[in-house]
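Peer 1: Residues per chain, in single letters:
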Amino acid sequence: MNNKKNPFSFQLNVSDFLPAEESEKQGMVVMRESVSFWKDGFRRLRKNKLAMASLFVIIVIMISAFIIPAFYPYSYEQQIRGSENLGIMEYSESELERIEAGEKVFPHLLGTDSLGRDLMIRIMVGSKISLLVGIIASAIILVIGSAYGSIAGYFGGKVDMIMMRAVDIIYTVPDILIIILLSVTLKYPLKELADNVTGFEWINTVGIGLISIFVVFSLLYWVGMARIVRSQVLMLKEQEYVVAAKALGASDSRIIKKHLLTNSIGTLIVTTTLQIPSSIFTESFLSFLGLGVSAPMPSLGSLASQAIGGISSYPHRLMAPAVVISLIILSFNLLGDGLRDAFDPKLKN
Amino acid sequence: MGGYIIKRIISGIVTLFLVATLTFFLMYLVPGGPFLSEKAPSEQTLKALQEKYGLDQPVGIQYLNYMKRLIRGDLGTSLKMRGQEVNDIIRTRFPVSAKIGLMAVILAIAVGIPMGSVAALHRGKWFDRLIMLISTMGIAIPGFVVSTVLMFFFGVRLKILPTFGLTSPLHYILPVAALAFYPTAYISRLMRSSMLDVLGQDYMRTARAKGLGQFKALFKHALRNAVLPVVTYLGPMLAGILTGSFVVEKIFTIPGLGSQFVGSITDRDYPLIMGTTIFLAFLLITMNVIVDIAYKIIDPRINLK
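Line by line, the protein sequences are chains A and B. Each number in my numbering corresponds to the 1-based position in the first sequence with 56 added. Each number in my numbering corresponds to the 1-based position in the second sequence with 40 added.
No wet-lab data here; the hints were simulated from the structure. Using N, Cα and C, we set each Cβ at its ideal position, and we do this for glycine too. Wrong hints could be hidden among the right ones.
[Claimed, not checked] Cut-off 20 Å, straight-line C-alpha distance, at most; resulting in silico cross-link-like pairs (EDC-like, lysine to aspartate or glutamate):
1) B:Lys47 x A:Glu257
2) A:Lys105 x B:Asp237
3) B:Lys336 x A:Glu294
[To be verified] Facing chain A, a subset of chain B residues (Cβ under 7 Å, in silico):
4) Ala180
5) Phe184
6) Phe192
7) Pro269
8) Thr272
9) Thr283
[Claimed, not checked] Just a sample of chain A residues kept apart from chain B, beta carbon distances all over 10 Å, derived:
10) Ile119
11) Leu171
12) Lys302
13) Ser340
14) Phe344
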């Protein structure tokens, strides 16, 4: 009797029932890593060329605002005698003599202003101020707005109604008028505080103008953030995991911090990123009106404002800060749009 | 409907009251009161001045007096321009600003709506991209940059348009264009996205399917629905034009309320700052209430509570 099977036999083939080999097992595994929220978002962000270009521009501006000034041969308040009103890449006579004598003189890349201050470093420091205002003000707004909005949304009912009525009223207040009014008046009490009360001397080092801008922005602009966070929380608190957390005895503050705010992080990031350019926008507007940071500290708005008088002879003095500020605002706007497209679950697919 | 209108008006009054109260107390914070200027007045003069303006009374009474005057529409007297009533200053200055502002609003609507609609119809083509590029930049560039660049190119370099004052129709071109720049960009973006939204609706397909010409479908169905979000933007737009006017009027030296306001900030002329703030807040809040009510009337789909 031979082992050969009749091709028409229904007899089962024993080898088919052997345990699977390791290599076979591997073949059955779906070979894709699970894609986390962040990975998915960043993958989509990377595809967005405009957003990546904006990110690059922001990084370049940040490096020149925060790092380069430390190594720059001139400082923003240094008045160089004899070098007043130089044009782009020009040297004054004394500087030319020094160059002839073999000394190396760092060129004034964008010339100097009427007091002999190097414009390049002033613009870099000015963009530092603008960026600081944008980022810190947005961070304050993020903290206040998300705390307020999540509490109102989570507790709901009467708490929500009263808290959101207050938001509605602040929302209808003409913000720019109140901001101007506050910046005009806040300087005095802040100065009093800095000069007379111990523990508040740091206000003078940071600058009264800057502090009053932070105070003013955080007093008025958190309402938009609060509304957005509240609507997110209202949606999220109905989810099963919140019920589960409650059933396990988690406290309200833990649920808000660990579950509700963590799950709305995408919205928080997008809203904060878009808040930065609008804060910078308002700051430059205030500085332009002469209400922003105080001299000799430069800000892009005040640099542009000072340049208007000499616009016919020195147009570059206006154009340089104008271009930088527009570039900063544009890049943050585009990056924010890109982040929203990448991280907003509603816009998926 | 009536309920909604009343509710909206009441909330407007509450906001205005809050603004007025805040204004009063902020001004009270300023030490030395409004008479703090370079030339410090003698003690006697100061006392006389304080008595004259009622500044020697307790805060509560000052506040009540201030509110009483406000309800009567009296905004007080300017300090730097001796003897000039804030009301009179507003009366002479405001029409100038209103004229420019109104022109800018009309320009923004007349340019923004067609630009956004055409961009939506040519979605993804070069024309759409161009308009989106311009309007994205238009939103990012601050008003003072737009104004100064316009002034530099058309006034200083090309010398074809006057750069200051308002003496001839030509003088209006640059300030109005500068003022309308941001709202135009905003409206065209808004219009594009809402037009795209409307074009994808079922009723548009129905309109085309029943044999309506493209032109008619566009104007009778699409445009009417797509323009609604622009109506909601009218309120914020007025606020934007107002703030824009501070910068534009300062740059083009226009004798309007905006440059007056900026001047009063530099002069620290507190009654004038307060009066102008309250007047402008009143204007903005009223406009917002009107726009909100108009919006609900125009769009019957929004339920009125």
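Peer 1: For each hint, tell me whether it holds in the structure or not.
Peer 2: So, going through the hints one by one against the coordinates:
no.: 1; hint: B:Lys47 x A:Glu257; in the structure: 47 Å, violated
no.: 2; hint: A:Lys105 x B:Asp237; in the structure: 25 Å, violated
no.: 3; hint: B:Lys336 x A:Glu294; in the structure: 31 Å, violated
no.: 4; hint: Ala180; in the structure: 4 Å, holds
no.: 5; hint: Phe184; in the structure: 5 Å, holds
no.: 6; hint: Phe192; in the structure: 6 Å, holds
no.: 7; hint: Pro269; in the structure: 18 Å, violated
no.: 8; hint: Thr272; in the structure: 14 Å, violated
no.: 9; hint: Thr283; in the structure: 5 Å, holds
no.: 10; hint: Ile119; in the structure: 21 Å, holds
no.: 11; hint: Leu171; in the structure: 20 Å, holds
no.: 12; hint: Lys302; in the structure: 32 Å, holds
no.: 13; hint: Ser340; in the structure: 5 Å, violated
no.: 14; hint: Phe344; in the structure: 5 Å, violated
In summary, the structure is inconsistent with hints 1, 2, 3, 7, 8, 13 and 14 from the numbered list given earlier, while agreeing with the others.
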